[in-house]
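Chains as they are written, first to last, in the working numbering: chain C, 1 to 329; chain F, 1 to 327; chain S, 1 to 304.
Treat the hints as calculated values from the structure; they're not laboratory data.
We put the CB at the ideal spot given by N, CA and C, even for glycine.
Do not take every clue at face value.
[Unchecked claim] Here are the simulated EDC-like cross-link-like pairs (lysine to aspartate or glutamate), alpha carbons at most 20 angstroms apart as the crow flies:
(1) C/K207 / C/D80
(2) C/K247 / C/E206
(3) C/K207 / C/D189
(4) F/K240 / C/E157
(5) F/K221 / C/D217
(6) F/K240 / C/D80
[Claimed, not checked] Computed from the model, here is a short list of chain S residues facing chain F with C-beta under 10 angstroms:
(7) V150
(8) M189
(9) V190
(10) R192
(11) P222
(12) L224
(13) T228
(14) G232
(15) G245
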Amino acid sequence: MSGQNPLLEVRHLRVEFPTRRGTLVALDDVSFTISAGEVLGVVGESGAGKSMTGAAIIGLLEPPGRIAAGEIRLDGERIDNLRYEDMRRIRGKDIGAIFQDPLTTLNPLYTVGRQLAETMTTHLPITPAEARKRAIGWLDLVGIPAAAQRIDSYPHEFSGGMRQRVVIALALCAEPRLIVADEPTTALDVSIQAQIIALLKSLAREKGTAMMLVTHDMGVIAETADRVAVMYAGRIAEIGPVRNVVKQASHPYTVGLMGSIPPLDRRVERLAQIDGAMPRLSAIPKGCAYNPRCPKAFARCSQDRPDLLPAGPTQAACWLYAGEGAGNG
Amino acid sequence: MFAFIISRILQALPVMLTVALISFAMFAYVGDPVAIMLGQDFTEAQRQALVKDLGLDQPFWVQFGTFLGNAVQGEFGLSYRLSRPVSDLIAERAPATLELAFTAAILALLIGVPLGVYTGLYRNSWLSRFFLTFSLVGVSLPTFLIGILLILVFAVWLGVLPSFGRGDTVKLGWWSTGFLTWTGIKALVLPSITLGLFQLTLIMRLVRAEMLEVLRADYIKFARARGLPNRAVHFGHALKNTLVPVITIVGLQLGAIIAFAIVTETVFQWPGMGLLFIQSVNQADIPVMAAYLLLISALFVTINLIVDLLYYAVDPRLRIGRGQGAH
Amino acid sequence: MAATLRRFFDSDLWWSFTRSPITMLSAVVALICILGALFAPWLAPHNPFDLASLNLLDAFKPPSWTEEGERAYLLGTDDQGRDVLSAIMYGARVSLLVGLSATLFATTLGVTLGLLAGYLGGKLDALLMRICDVQLTFPSILVALLIDGVVRAALPREVHDQIALFVVIFAIGISEWPKFARTVRGSTMVERNKEYVQAARVIGVAPPRIMLSHVLPNVMGPVLVIATLNLGLAILSEATLSFLGVGVPATQPSLGTLIRIGNDFLFSGEWWITIFPGITLIAMVLSVNLLGDWLRDALNPKLR
Chain C
1 MSGQNPLLEV RHLRVEFPTR RGTLVALDDV SFTISAGEVL GVVGESGAGK
51 SMTGAAIIGL LEPPGRIAAG EIRLDGERID NLRYEDMRRI RGKDIGAIFQ
101 DPLTTLNPLY TVGRQLAETM TTHLPITPAE ARKRAIGWLD LVGIPAAAQR
151 IDSYPHEFSG GMRQRVVIAL ALCAEPRLIV ADEPTTALDV SIQAQIIALL
201 KSLAREKGTA MMLVTHDMGV IAETADRVAV MYAGRIAEIG PVRNVVKQAS
251 HPYTVGLMGS IPPLDRRVER LAQIDGAMPR LSAIPKGCAY NPRCPKAFAR
301 CSQDRPDLLP AGPTQAACWL YAGEGAGNG
Chain F
1 MFAFIISRIL QALPVMLTVA LISFAMFAYV GDPVAIMLGQ DFTEAQRQAL
51 VKDLGLDQPF WVQFGTFLGN AVQGEFGLSY RLSRPVSDLI AERAPATLEL
101 AFTAAILALL IGVPLGVYTG LYRNSWLSRF FLTFSLVGVS LPTFLIGILL
151 ILVFAVWLGV LPSFGRGDTV KLGWWSTGFL TWTGIKALVL PSITLGLFQL
201 TLIMRLVRAE MLEVLRADYI KFARARGLPN RAVHFGHALK NTLVPVITIV
251 GLQLGAIIAF AIVTETVFQW PGMGLLFIQS VNQADIPVMA AYLLLISALF
301 VTINLIVDLL YYAVDPRLRI GRGQGAH
Chain S
1 MAATLRRFFD SDLWWSFTRS PITMLSAVVA LICILGALFA PWLAPHNPFD
51 LASLNLLDAF KPPSWTEEGE RAYLLGTDDQ GRDVLSAIMY GARVSLLVGL
101 SATLFATTLG VTLGLLAGYL GGKLDALLMR ICDVQLTFPS ILVALLIDGV
151 VRAALPREVH DQIALFVVIF AIGISEWPKF ARTVRGSTMV ERNKEYVQAA
201 RVIGVAPPRI MLSHVLPNVM GPVLVIATLN LGLAILSEAT LSFLGVGVPA
251 TQPSLGTLIR IGNDFLFSGE WWITIFPGIT LIAMVLSVNL LGDWLRDALN
301 PKLR
């Protein structure tokens with residue numbers, strides 16, 4: 001499997017928002033792959049472009065946002081330029097999606113059973129009776145007690161955590177090969193978050209589903225993801241195996257990000273913090289977008305924009321590794 | 001379900017009582033009914049007798065009670081202007097107004113709702129822009145001008161439709177209907193378009209606004225992310241959620257149709273309650289005004305009750321009785 | 001001042017204005033209506049209220065471009081020989097005056113009560129909102145009609161004619177205030193709980209000052225939109241009341257009065273007496289509504 005075509009391949013993806021004061025570049029030259037069964041974590045501050053990347057992959061960018069350059073391939077086939085109807089057949093069937101707030105993602109006027117059944121009958125050649133039977137099975141699988149009775153309940157009759165379980169069932173019920181999970185636990189109580197993540201992880205493993213897990217919670221990434229991509233101002237700053245990124249980050253931004261997480265194994269006087277704030281999309285500095293905040297910036301950083309360069313076990317978009325990259329390449 | 005209806009009726013009661021109080025206050029304190037009924041020449045004894053007769057010497061609350069009791073039995077006294085029982089006058093004219101309002105409401109709903117859905121879904125198509133422009137002209141045109149223009153074109157210039165009256169009517173018991181004769185139906189065309197057009201455009205604009213609001217909702221985006229066909233997303237998920245606010249709007253608009261019937265009836269000399277009411281306002285005929293006010297309120301309260309019941313049918317969140325049903 | 005102007009011309013509002021030809025056109029039409037009405041005594045070719053200048057021989061002249069038309073009367077004359085164009089200009093004056101005053105009245109009343117209800121809450125809030133609920137169930141034209149009818153019944157005819165204009169303004173204003181109160185109350189409740197208002201309260205700023213200087217500016221956007229859209233509605237309400245014969249007195253004919261008078265002659269073919277005031281009314285209301293629509297969209301970025 002591995003080494004062949006990756007399941008999802010995003011290459012040089014650029015997303016633009018035309019506005020009256022010029023075009024905003026929300027995503028710039030974003031490239032990564034996800035292999036079958038792999039979990040890719042995507043982290044970054046709000047507005048870094050994490051959710052935007054997910055929306056672009058499922059083909060549901062909010063207008064006027066549009067893909068201006070680059071391509072997205074699923075199993076080697078381009079899906080970024082499909083007609084709406086063709087992309088629709090892929091959504092739900094090949095790529096499932098989980099949204100942030102379970103309180104608003106379920107239609108309040110339909111029973112959960114109906115929402116599950118309509119998703120399955122849309123994508124799978126099964127009868128409504130069969131769909132209902134499977135819906136009960138899915139509710140049971142995601143841990144809803146007394147699934148056979150709860151299937152005719154409306155979303156408001158479930159708690160927030162239970163609703164997110166329903167959303168997970170909805171995302172998985174047509175057995176997609178990839179799940180785009182956009183901050184699936186952010187809106188939930190802290191006590192529920194771990195349960196939902198554990199559920200997602202075990203289901204993905206069990207069904208062999210690959211996952212793109214968008215979150216700003218490094219803890220979640222560390223325990224769930226195989227690889228992680230760190231995004232900053234619409235670009236990928238660093239990407240690599242999760243252990244390396246967490247323990248020995250290469251990009252100064254990742255280093256700062258990791259330094260701001262309180263470690264559990266030792267006492268620290270003071271957490272590291274990164275000075276300044278991420279730039280607005282309308283005012284991204286020349287050169288490396290991080291250079292004004294970067295403690296290690298040098299002349300070149302404010303001139304040229306770095307691409308992803310090999311930096312030990314990970315890849316980092318940072319001129320510190322220019323020499324290493326040249327040596328290897 | 002039953003408890004729900006009861007609670008809604010109980011909530012409507014204070015409204016009805018308030019309106020009744022206003023009607024009664026008009027009745028009792030505006031103008032001097034005794035002077036109006038006695039005319040020019042009268043003796044003090046005659047006046048005293050009439051005051052006693054009308055119960056005007058009783059305390060306020062007793063008078064109000066008597067008024068309420070009479071009102072419940074459909075008894076509103078004599079019209080100052082026509083010297084006939086108000087209840088008779090209204091019973092004679094109610095069918096004309098109700099048939100007109102009914103036709104106009106059906107017209108407004110059957111055209112307004114689909115147009116609203118269409119313009120909401122395809123908001124950038126040229127047809128949508130056309131409908132939207134048309135609707136803006138519609139809400140800017142006063143009802144009476146629409147009527148006048150229609151009369152000018154179809155009655156004066158083309159001469160194909162009548163410009164006033166109900167045409168021939170058929171008696172069904174005490175109800176006189178214009179639905180059963182050709183002239184009756186022809187007479188209904190211009191007034192119902194006049195009355196319905198404003199509401200049609202209003203309903204269309206409001207349905208469109210609701211549709212746009214719902215289409216932005218997360219569950220619509222999620223429905224798309226699940227790969228549901230557009231048909232299911234638009235006419236299933238979106239339309240059903242639009243229904244809840246639209247039902248309220250339509251309920252309110254039905255009330256407005258009854259009110260604007262006053263204008264339409266004036267333009268077309270339509271022999272309904274509205275024409276009776278406006279003549280009463282002109283002549284300060286308080287008993288008729290009070291009765292009309294009470295009757296209209298009862299009608300509105302009934303419409304609101306029906307709206308609540310429809311809510312109940314559409315929105316499962318209300319059935320638990322847990323809350324407001326708001327998003 | 002110059003800086004304020006520059007800021008205005010650089011704003012999103014001005015930008016969206018210049019991008020919408022329909023909006024600019026309606027602004028021009030609205031401006032023509034307002035100026036024509038405002039300066040009617042100086043601009044109008046005749047004085048329709050000067051009885052000495054009226055000549056019954058001039059009655060029922062059609063518009064000047066038709067065969068029997070006369071150059072002196074561009075849009076023809078009515079049954080009493082009055083110049084229709086001049087009557088329209090004077091009529092628009094009354095229509096605008098009533099519309100603006102009623103809207104101002106409704107805005108002031110609604111904003112004040114809405115602020116109080118939203119800021120103070122409690123029993124006052126419950127009571128005011130209950131009144132709003134009940135009143136909103138009734139179409140505003142019906143409320144206005146009733147108020148007008150009651151005043152008419154309560155006062156002798158001569159007194160009523162003198163204050164009829166105020167009665168109409170009051171009746172229309174009263175029938176429209178709940179919309180403002182509702183909106184302002186909602187925004188006020190949101191603003192009241194924001195930190196800067198909390199902070200102002202903590203440092204002891206008096207409630208009236210908090211309401212005026214902190215809360216009010218933040219609710220003015222939606223109020224402006226409702227007020228503009230409401231102006232069109234108020235003008236229509238006045239025209240409707242006058243058409244029904246219960247609005248402004250006959251001595252101060254508004255556009256609605258002119259249409260009612262002309263309506264009597266529609267069947268005999270003198271269409272211009274009705275149609276030209278009608279077109280003016282439509283142009284006025286349509287342009288105001290278009291401006292209101294644009295304002296709503298421009299101030300509500302969600303819809304863009």
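Evaluated hints:
With a C-alpha separation of about 26 angstroms, the suggested pairing of C/K207 with C/D80 is violated against the 20 angstroms cut-off. This hinted pair does not check out: C/K247 and C/E206 have alpha carbons roughly 28 angstroms apart, beyond 20 angstroms. Straight-line distance between C-alpha atoms of C/K207 and C/D189 comes to about 27 angstroms, which puts the hinted pair past the 20 angstroms bound. Restraint check: the Cα-Cα separation between F/K240 and C/E157 comes to about 19 angstroms, which is no more than 20 angstroms; the hinted pair holds.
The hinted pair formed by F/K221 and C/D217 fails the criterion: a straight-line CA distance of about 24 angstroms is larger than 20 angstroms. Proximity of F/K240 to C/D80 is assessed by CA-CA distance (about 31 angstroms); at most 20 angstroms being required, the pair is judged violated. Of the supplied interface hints, the one on S/V150 holds, with its beta-carbon coming within about 6 angstroms of a beta-carbon of chain F, less than 10 angstroms. Using the Cβ-Cβ criterion of 10 angstroms, the hint placing S/M189 at the interface with chain F is not satisfied: the shortest such distance is roughly 14 angstroms.
With 10 angstroms as the threshold, the beta carbon of S/V190 stays out of range of chain F, its nearest partner Cβ sitting at about 15 angstroms, so the hint is violated. For S/R192, the shortest C-beta to C-beta distance to chain F is roughly 20 angstroms, which exceeds 10 angstroms, and the interface hint is violated. With a least beta-carbon distance of about 15 angstroms to chain F, the hint placing S/P222 at the interface is violated under the 10 angstroms criterion. Proximity of S/L224 to chain F is violated relative to the hint, the smallest CB-CB distance being about 19 angstroms (cut-off 10 angstroms).
A hinted interface residue such as S/T228 counts as satisfied when its beta carbon comes closer than 10 angstroms to some beta carbon of chain F; here the least separation is about 13 angstroms, so the hint is violated. Because the smallest distance between the Cβ of S/G232 and any Cβ of chain F comes to about 6 angstroms, under 10 angstroms, the interface hint for this residue holds. Among the interface hints, the one on S/G245 holds; its C-beta lies about 6 angstroms from the nearest C-beta in chain F, closer than the 10 angstroms criterion.
In summary, the numbered hints that this structure violates are 1, 2, 3, 5, 6, 8, 9, 10, 11, 12, 13.
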